[in-house]
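Protein chains in written order, with the working numbering: chain H, 2 to 319; chain Y, 206 to 508.
Since the hints were derived computationally from the structure, they do not count as laboratory data. Glycine included, C-beta positions come from ideal geometry on N, C-alpha and C. Hints are supplied without guarantee of correctness; some may be wrong.
To be verified - Below, a sample of chain H positions facing chain Y; criterion: calculated Cβ distance under 10 Å:
id	residue
1	Gln172
2	Asp175
3	Ser208
4	Leu211
5	Ser238
Claimed, not checked - Simulated coverage check for chain H against chain Y, where a stretch passes if three residues somewhere in it have a Cβ under 8 Å from a Cβ of chain Y:
id	segment
6	214-228
7	287-295
Said to hold, decoys possible - Label pairs and their computed distance ranges (CB to CB):
id	chain 1	residue 1	chain 2	residue 2	range
8	Y	Gly260	H	Asp17	52 to 60 Å
9	Y	Leu328	H	Pro296	50 to 58 Å
10	H	Cys275	Y	Pro441	31 to 39 Å
11	Y	Met318	H	Gln229	36 to 44 Å
12	H	Ser14	Y	Asn411	50 to 58 Å
13	Y	His240	H	Arg260	18 to 26 Å
14	Y	Tyr267	H	Arg260	32 to 40 Å
15	H	Gln229	Y	Leu328	34 to 42 Å
16	H	Thr209	Y	Gln281	46 to 54 Å
17	Y	Asp401	H	Val138	33 to 41 Å
18	H	Pro143	Y	Asn443	18 to 26 Å
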Amino acid sequence: MKFKAVVTEDGVSLLDRRFLPALEKMGKICHLFLTRDHAFFLHNLITTADGIQSIAQFRKQALFDDYRISSQNEDRIAFAFDISLLLRAVRSSVSIISGEFGIANRLQVKLVKKLPPNSTQPMPFLTFETKGYKSAVIQDVPISKPLSRAELLQLQAALDAAQDLPPTLVQVPDSNRLQNFVDRMKHVGDLLNVSISKYGDLHLQISTTLITLGAEFRKLLVVGDKAQAPSEDRDLSAQTRSGRAILMGDAQSVQVSVRHFSKSLQCHLAKPDCAFYGIAPQGACLTVIFQFFIPGTRQTDKSISLHCRLPVLDPGSS
Amino acid sequence: MSSSATETDTSDLVCQLDNVQGIVDALSTVRWKRHQDAVVELSEHGIVLIVEETGCLQAKVYLQKELFIRYEYTAQGRPRFGLSLGLFVDCLNTFSVPGHSSSIEIQYPGPDMQLLIKSADSLDDCIYAEIRTRIPETISWDYNFEPAGSTPLSFTVKSAVLKEAIDDLEWPGSSIQIILKPVPPSVTFRGEGHGDLQIDLMYYANTDLLIAFHCDHEVSYRYKYKFLRATTSNVPSNVIKDNRGSKLTIGRGGMLKVQHLVSVARPSTSHQHIDSAGYQQPSRIAYIEFFVKPEEDEDTVND
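Build out the structure end to end from the sequences listed, making use of the hints.
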């Protein structure tokens, strides 16, 4: 089992300034899954069923140069690691690279087995080696034992299952404002009802015995199945409106944890260009898809993708 | 957006407000614990919110109708209802957008006697809330504040100074004595417990500290530290930064009244209005009053 690559300058900035800070918010432990062409950072895919799943996918060229991988599992390797340690290693490498007039500096990453101090058992590490003009710094990030063939297949199956697209997606209006709102909403209750209609309405509501607090965003951009909003809807309250849309089969509603929803908004640290919410068929989960554009254009950058799946606490009505 | 004409017709009160954060600040000031019940009283003059700690401490927030951009009161008598203060504050807080002056509409009662709140900013986005109200518990009215004599016993001190003094007294803790002396005109806070700490505010020594002082004879009363602390500990930091004066008055029987002013003016955007008047419109102030009963065992000078 071998893995060795050079992290490109773009790759470093993608990881250091955008993805790792965002993914760190999703959870401490993350799986890195490397294949011949892709690198995936995965949260909660095979561990807990009640956590928020996040899937960040990079084409190898988006992060690496000189990418070499080989293993007996069709050249696939996966292991778990503490994301804050990886972030620290990348950060300090950045400071070395930028401190020494870049260019010739190379950040090499490889999988190694080493004997840690005071131990007789060799342990796996992801090693970052920064070669500067005058110095070389090596950082070892401890990782889990690489996944066995069975575990790897399980991870691959979970990953394949997590790729389904909701039939209707609505574009999140102003994510900062939404984040701010949801963060304050957290004080009022724990369970959030999310309903999404084909008309482009996103309706969030917390309801407890003492209070009902909700927000409705209308006329959002819809991707996928859409429908014309009935004209008599205009003068109704948000609750009545979404209730009617659900009855007519034009909307779906699920209940998720407010904390998960707020976490999913934290993905904005990865600086996506836009974000869409949608409910998977049969209300299996609430999916949020982040879209990245090729810098300077409005074309989707297909080499990077990020999406989260929020577990549904109650199947709700569909 | 949801209210139809009929709903509005049957409401005791429909009012609109353009500075949610100001109201959140005012209400937060009297929130001294997480779960706290409040009684709200509506009248043609405005809204009064009252909170109480069994028999020792009471606080009132006065939101006069001048704070609202619309205030339509149609009730007979003065409707009163109970609600959870914490929930009310947390809920109002979700309507407040940093950097914007968010506008909301408050309506009471809803079809199920709820307090209804909704954002009134945009047509395509809306935030709404319905808070369940309760039949109010009876408020003990023995907080009727009466002046101690012909001249009031009072002093006005910068809010930040008052807060700092009371925070410092945490160390001796338990019971705090407040002494007002006409000669030399001064206010003394004295704490005795794990140690002794005395804080003197001299009227003539520093006019920045004590803004006003009225006292014709020496008085001294003891108050429980935790109640005294409740009068300043929850004043939001931006209100402390405004550093208006807080007025403390000692009434008959040693009842202490602490008054704070919280600005509910529209944030910065309307600078020219403030400048042209030279100061912020006085009508855009929420008044907050705390009443603290003195400790019973008196061994000090009384009136």
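The hints, checked one at a time:
{"no.": "1", "hint": "Gln172", "verdict": "violated, 13 Å"}
{"no.": "2", "hint": "Asp175", "verdict": "holds, 9 Å"}
{"no.": "3", "hint": "Ser208", "verdict": "holds, 9 Å"}
{"no.": "4", "hint": "Leu211", "verdict": "holds, 5 Å"}
{"no.": "5", "hint": "Ser238", "verdict": "holds, 3 Å"}
{"no.": "6", "hint": "214-228", "verdict": "holds (count 7)"}
{"no.": "7", "hint": "287-295", "verdict": "violated (count 0)"}
{"no.": "8", "hint": "Gly260/Y x Asp17/H: 52 to 60 Å", "verdict": "holds, 59 Å"}
{"no.": "9", "hint": "Leu328/Y x Pro296/H: 50 to 58 Å", "verdict": "violated, 35 Å"}
{"no.": "10", "hint": "Cys275/H x Pro441/Y: 31 to 39 Å", "verdict": "holds, 35 Å"}
{"no.": "11", "hint": "Met318/Y x Gln229/H: 36 to 44 Å", "verdict": "holds, 37 Å"}
{"no.": "12", "hint": "Ser14/H x Asn411/Y: 50 to 58 Å", "verdict": "holds, 55 Å"}
{"no.": "13", "hint": "His240/Y x Arg260/H: 18 to 26 Å", "verdict": "holds, 21 Å"}
{"no.": "14", "hint": "Tyr267/Y x Arg260/H: 32 to 40 Å", "verdict": "holds, 37 Å"}
{"no.": "15", "hint": "Gln229/H x Leu328/Y: 34 to 42 Å", "verdict": "violated, 18 Å"}
{"no.": "16", "hint": "Thr209/H x Gln281/Y: 46 to 54 Å", "verdict": "violated, 32 Å"}
{"no.": "17", "hint": "Asp401/Y x Val138/H: 33 to 41 Å", "verdict": "violated, 58 Å"}
{"no.": "18", "hint": "Pro143/H x Asn443/Y: 18 to 26 Å", "verdict": "violated, 45 Å"}
The structure is inconsistent with the numbered hints 1, 7, 9, 15, 16, 17 and 18, although it conforms to all the rest.
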